[in-house]
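*Asks:* Take the two lone chains, each set in its own frame, and fit them into one complex as the hints suggest.
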Amino acid sequence: MILRVENIEKKFFDPIEFKVLNGISFDVQQGEFVTLVGKSGCGKSTLLYILSTMDTEYSGRLTIDGEDVTGYDQNRLAAIRNEKIGFVFQFHYLLTDFTCLKNIMIPALRLGKLTEEEIEYRAMEKLRMLGMEDQALKPASKLSGGQQQRVAIARALINDPLIIMGDEPTGNLDSKNTQVVFDILQELAHEKKQTIIAVTHDNDFAKASDRTIEMVDGRIL
Amino acid sequence: MNINRNIAWTYFVASKKMTIVAILGVVIGISIFMFMNSMAAGFDRTSGESFFKTTPHIRVYKDDKISQPLKEESLSKTLIVNPKVVPSINTIDNPMDWVKLIRKQKEVVVVFPQVSCPVFYNNGKSQITGTTIGFDPVEADKMFRISTFTVQGSIADLSTHQDGIIIGSGIAEKMNLLTGDKINMTSSKGINLTLTVVGIFKTNNSKEDKTKSYVNLATGQQFLKENNAYVTDINVNIDNPDRAPEIAKELTNLTGYKAEDWIAANETYMAASRIRKIVIMFISFTLLIVSSFGIYNILNMTVSQKINDIAILKAMGFNGGDVIRIFVYQALTIGAIGVMLGVLLALILVQALQHVYIGGDIGYFPIRFEPWVFLRGIFIGLLITFLAGFVPAKKAAKVDPVSIFRK
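Chains W and V supply the protein sequences, listed in that same order. Residue 205 in this note's numbering sits at position 205 of the first sequence, and the numbers go up by one each step. Basically this note's numbering = 1-based index in the second sequence + 1000.
Simulated from the structure, these hints should not be mistaken for lab results. Careful, some of the hints might be misleading.
[Claimed, not checked] Pairwise CB distance ranges (calculated):
| id | chain 1 | residue 1 | chain 2 | residue 2 | range |
| --- | --- | --- | --- | --- | --- |
| 1 | W | S59 | V | L1387 | 34 to 44 Å |
| 2 | V | P1371 | W | K113 | 53 to 63 Å |
| 3 | V | L1344 | W | K113 | 34 to 44 Å |
| 4 | W | D160 | V | L1347 | 50 to 60 Å |
| 5 | W | L114 | V | I1283 | 38 to 48 Å |
| 6 | W | D134 | V | L1344 | 54 to 64 Å |
| 7 | W | K113 | V | L1387 | 28 to 38 Å |
| 8 | V | P1371 | W | E133 | 52 to 62 Å |
| 9 | V | V1290 | W | K39 | 48 to 58 Å |
| 10 | W | N172 | V | I1283 | 34 to 44 Å |
| 11 | V | L1387 | W | Q179 | 49 to 59 Å |
[Said to hold, decoys possible] Examples of chain V residues lying across from chain W (beta carbon under 10 Å, computed):
| id | residue |
| --- | --- |
| 12 | I1007 |
| 13 | P1118 |
| 14 | K1306 |
Ideal placement from N, C-alpha and C gives every residue a C-beta, glycine not left out.
Chain V on its own, in the form it takes in the complex (with noise of 0.2 Å):
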């Protein structure tokens, strides 16, 4: 072993008091700081994960637009206007050549067009509103995997019943209707059309399940009373979902339609997101600090008891580099012990939450283990723990030894 880790580690061993409470620091600060980040990681995942069973990354329709005045105003002439909604229909032109081109893109993994329309499901006097989305099953399904959340039928039958329709499990209980049964819904436009459930699915997100349901793309243009070229929405899906803003900005301008990015579309909940990743962080970071205070307290007490033997070093030829690392030495001995039971402990805590029940479309707590995270937690931890030494280690290189011999 090299003399100066030599030394290092028997400093190390001297103190065995302070060294284990400095670890202890170490250990619950690198745990928690590890623990908490998971657990945001987790939120992030879960909260994506319900996002996309129902919102594509990407979403192209065409935007309502405002009339503009015909003449321009100028100082001479003052123009009353009034703005409106230009009335047009919200079709897409040419859905199909539009789907062609954006699959071609990079990064484009899934495509199809949609319509969507408010419908009423009847209910003998009673109707329950709701929307009905009509596509093509087979690309739905890939990219909002609905039969991992179809509890009773398939997808797959659907495309098989032209006339089929998958309800939301709230539709289900109310109407009190199983696969098989009869379903007779009035769409916005005044159409009735009876259809057969193929498939009842339950997000647990109790508005879906109340409200939506999924048809064939043409049965959807039927409750529009619109021809089979009418698509209102095209759904992108894409490699990366946090890339979606730059993607769907390339979209926009290739095909002149408004392309809104998942993140755009739920600027709300974006936002209380980084909200509490921002708090997160700041505590999980606040508690590395305060570990870090035990390792450069303890160095400290260790150079001030041990300025005798640092005078009698620099005498026998140890130079101030040497010094340093003796002292950084004995931090980071803290410092891999301190992370790596933090590591421990924080896969513990995983492991134990991951079993706490919460409920609602959640269920089991959101939280793994991240490799990243603890990644990211060993690097900081060992960094917090080389700084922490650092300090006192260069004020212990500094020890003029002659003045420490005459007193």
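Looking at chain W on its own, in the form it has when it is part of the complex (with noise of 0.2 Å):
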């Protein structure tokens, strides 16, 4: 089991007090597809950014990897963000001053684990896989909106980590685009026992993952 979620709450006090997670508990395992669906304001998002660890305002334990960390500070909890966690974002959110090679390469050069060289490399071979590498060196503002999924998708990789965590990762996507980033996301899934937790509303993709937790007012069906 990579990810555990026992009793989580969490309220809204703007504009006036409301409950948007209400007793939320599952488990993840180990190289599971997930999807969360629901309609919007159901509290998915917010569910998505309380497992992320950038949401620490809540009530109940979250268990990574084995590892309670519920209640760390703040710079313990980027550290495992940093390892840990890849991000893709329903907005792409590429830093633009930057070339897409360097996005890629940014959260490993923070990691430090490997040098610039390697992680360069690895940077390329994550692109490639996305049938990216033309565009390496192309300052990420000059992308299309697909290419910068699929850059983002690649960032998300860079760490190798044991989950990641899509907000809607195809959203502004067309369909053959979304079907690339499904096949990648399964075979990350079940070739390399990467974990999948991705928000949608696309009824398709949910279907095809391997397991739908569908939220309505802030519990699980």
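*Replies:* Shown next as structure tokens:
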């Protein structure tokens, strides 16, 4: 088991007090491809941000890779994110002042376990896997939406994280690119035993995953 | 390169125009700071140098005493007193013993006794009033460096000519004298002597040049109608003139005579110099602070523009400290380049002003490269840029990535 969620609750206080998550509990196994679905406002993005360790204002327990991370300070959580978690955001979110290659390299440079040459080699490998190697030295701002999304995936993979989290990872892609991204994620889960947790609106995408967790009004159905 | 520095450098290059403006601010602030402070240091040095041409660091002399009533006043008795300066000769008793004792003190470099006597330089019917100083020329030259401003003859000739005299250039001009000529003088005690001019000095301080002359100690004592143990002052020079007040106090305790340091002797001038220092300090610091606003501004703008980037970096595992480092590196890069160019500009300004002729007893503008001023400028410049960068960096470190991604 790679991730365990126990009785997680979260309230929003602005504009009025509102319980957005209500007693969420589930386990995710290593190598599982899990999708979180539900109508907008049901709390699935909020849950994902809690799982990602970026949001720490909740009650309940979160265990990642056998480590209870609830109550860890920000620096420790940052180190866990750096090493164990990869992100793919809805609006691709690349650093626009850097080239694609540099964007992919940054999390690995932060981790500092490999030399810059090794990191560059690995980053090129990831780009090749996603069919983007000819765009490597272009500034991130010059790419199309679909290309940016693939660079963002490559960046999420650079540190070989245990868990890859996606907030609508195919949200802005056409059906062909959606299929490409889906295949990559599935391959990572099944062959490299990396765990995928993705929030999605796309029913076909959800159906094709290993497990779908459906949420309604802050609860799991 | 470290990744934080790498990111900082990318942001630095990406916003060229703003960066250049911020750097220019630092360059101007730093260079004017260094320039003005070099100028202040230069003024201090030249005024010190011109003081020490005629003033010792410490002067030991017998102070006038006021008469005291013989009986104490009490409630039953009322005294009518008329305090007056007690008539006594101004000599220091056993001067050579005191000179020996003072010479043994720590930090003391030069000590010699002198007499000073008001005199008239007789020029036909007209007389020029002035003062003549009697001392041992070898010791006196060590203290006042008279040889550096003698324009004719030399101070060494005074040692070999017992009836020699060195006169100010003003007197020489008025009386049309050259070395080798005779000069007739009358002292306040009515002694009339004819001496041989062996040297002419020019301090560029016209009051000194028009009134002062130097003779041998014995000649001075002769003018005062006194014996060879009569000495009015003991002049003392020390290692560091700034320590004069403390050492003067020690000498007062040691000898029982009044020891006056040059700072106390020139109170008015020192007050004016302090005011000048404060004004220069105030202006130069204001400039530095204004230029630090430039850095603060650009960093603040970068943080607002890059708030998305900060959220992504935090999501990828950069912690608050990393974010602070990124923006502080950026500020310090601006600061370092600004300081470097500022030092260059300050050097050019100092160099240029060195060649400006002022005239009077100053001559060329009294400014030169002051290593300490420059070091202090570099240090303060980097400190201010660090602080100006740290405040916005701290703000950046507090960015909550979730709130950014939710928008």
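*Asks:* All hints are to be evaluated individually against the structure, with a verdict given for each.
*Replies:* Hints, verified against the model:
1. W/S59 - V/L1387: 34 to 44 Å: holds (40 Å)
2. V/P1371 - W/K113: 53 to 63 Å: Given about 45 Å between the Cβ atoms, the range is violated.
3. V/L1344 - W/K113: 34 to 44 Å: Cβ of V/L1344 to Cβ of W/K113: about 42 Å, so the range 34 to 44 Å holds.
4. W/D160 - V/L1347: 50 to 60 Å: holds (54 Å)
5. W/L114 - V/I1283: 38 to 48 Å: Violated: the Cβ-Cβ distance is about 53 Å, outside 38 to 48 Å.
6. W/D134 - V/L1344: 54 to 64 Å: violated (45 Å)
7. W/K113 - V/L1387: 28 to 38 Å: holds (34 Å)
8. V/P1371 - W/E133: 52 to 62 Å: holds (55 Å)
9. V/V1290 - W/K39: 48 to 58 Å: holds (56 Å)
10. W/N172 - V/I1283: 34 to 44 Å: At roughly 57 Å between Cβ atoms, V/I1283 and W/N172 fall outside 34 to 44 Å, so the hint is violated.
11. V/L1387 - W/Q179: 49 to 59 Å: Hint holds: Cβ distance 54 Å, inside 49 to 59 Å.
12. I1007: OK, holds: V/I1007 within 10 Å of chain W, min 8 Å.
13. P1118: violated (81 Å)
14. K1306: holds (8 Å)
The structure fails hints 2, 5, 6, 10 and 13 (numbered hints given earlier, in ascending order).
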